[in-house]
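Heads up: the protein sequence lines correspond to chains A and B, in order. Residues in the first sequence are numbered consecutively from 1, following the working numbering. Residues in the second sequence are numbered consecutively from 1001, following the working numbering.
Worth flagging that the hints you see were computed from the coordinates, not collected in a lab. Among the clues, some could well be false.
Derived BS3-like pairs: lysine-lysine, alpha-carbon spacing no greater than 25 Å straight-line [what the hints assert, rightly or not]:
1. 87(A) to 1023(B)
2. 1023(B) to 103(A)
3. 123(A) to 87(A)
4. 1009(B) to 103(A)
5. 1103(B) to 1005(B)
6. 1082(B) to 1058(B)
7. 87(A) to 1058(B)
8. 71(A) to 1009(B)
9. 1103(B) to 1012(B)
10. 1080(B) to 87(A)
11. 87(A) to 47(A)
12. 103(A) to 1005(B)
13. 47(A) to 71(A)
14. 103(A) to 1054(B)
15. 1009(B) to 1082(B)
16. 1054(B) to 1080(B)
17. 1058(B) to 103(A)
18. 1082(B) to 71(A)
19. 103(A) to 1098(B)
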Amino acid sequence: MKLKKLRKISRRNALLLIAGFTGTAIFPSISFAQSSQAFDRINEITKGLGATESDIYFDLPEIAENGNQVKVTFEIESPMTETDHIKTVYILADGNPSPNVAKFSFTPEMGSCSAATRMRLSKTQNVYLLAENNNGQFLMTNAKVKVTIGGCGG
Amino acid sequence: MSSIKPRVKVPKEVSIDEIIEIKTLIRHPMHSGRMKDNNGQIIPRQIINSFSAKFNGKEVFQMDLEPSISTNPFIVFQYKVKESGTFDFEWIDDNGEKYYISKEMTVS
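So here's chain A without its partners, still in its complex pose (with noise of 0.2 Å):
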């Protein structure tokens, strides 16, 4: 009796075990190990289909001392002509109460894709670049930041 009993427990979690690697096995390829937010968001614009993580110059304090005003400055290296740009860029963050910061668009006009602009960052978090090219494809990189204030309100 008290073996049937244990046998049928081992059986339960033999199976919950199975389920659990299979899914692990087969996730990483497609999507992101880790979830957050942040990943969350970035499957959400990728449609699934994940970004290549590249060497893309995002530049963000190492530690910032006051959450509010945190610089946040990328180049992407793109020739930029009509038929090979860099069409959008998104900052997201991971531990902000909302993953998305901005969007950026642009046009082969500009010549280079560069930008920079001011953030709010509620505590220490990785902030990610999510670029998108004229051909759909993605690139991605990221950076952590140390906040010393946090700067979300409430």
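Chain A is fixed; fit chain B onto it per the hints.
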């Protein structure tokens, strides 16, 4: 609020094929909808949600702003000079209020 005067810095004298940097700043509280006032009441969301730059009537740059952008939004971008002309900058806030400024640029 309509007395807000945006500030934009565009180089006056430029040469062809030069990549210039345009800096913009507008005074705006950018209430994210999360801050509380002195009485503990939540200040409703009131932000600038869109910025665009036009050169001789053609849109060259556009940006969507979210509550995570700081008070007094500061935006810098670059532009490759092809000809003389006028830049028109436009900011739109949640109430639909629009703020404009124009800047002339001459190729020397």
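Consistency of the hints with the structure:
| no. | hint | result |
| --- | --- | --- |
| 1 | 87(A) to 1023(B) | holds (21 Å) |
| 2 | 1023(B) to 103(A) | holds (17 Å) |
| 3 | 123(A) to 87(A) | violated (30 Å) |
| 4 | 1009(B) to 103(A) | holds (22 Å) |
| 5 | 1103(B) to 1005(B) | holds (13 Å) |
| 6 | 1082(B) to 1058(B) | holds (13 Å) |
| 7 | 87(A) to 1058(B) | holds (16 Å) |
| 8 | 71(A) to 1009(B) | holds (18 Å) |
| 9 | 1103(B) to 1012(B) | holds (9 Å) |
| 10 | 1080(B) to 87(A) | holds (16 Å) |
| 11 | 87(A) to 47(A) | holds (16 Å) |
| 12 | 103(A) to 1005(B) | holds (24 Å) |
| 13 | 47(A) to 71(A) | violated (29 Å) |
| 14 | 103(A) to 1054(B) | holds (17 Å) |
| 15 | 1009(B) to 1082(B) | holds (18 Å) |
| 16 | 1054(B) to 1080(B) | holds (13 Å) |
| 17 | 1058(B) to 103(A) | holds (19 Å) |
| 18 | 1082(B) to 71(A) | violated (30 Å) |
| 19 | 103(A) to 1098(B) | holds (19 Å) |
Hint compliance for this structure: hints 3, 13 and 18 are not met, and every other hint is.
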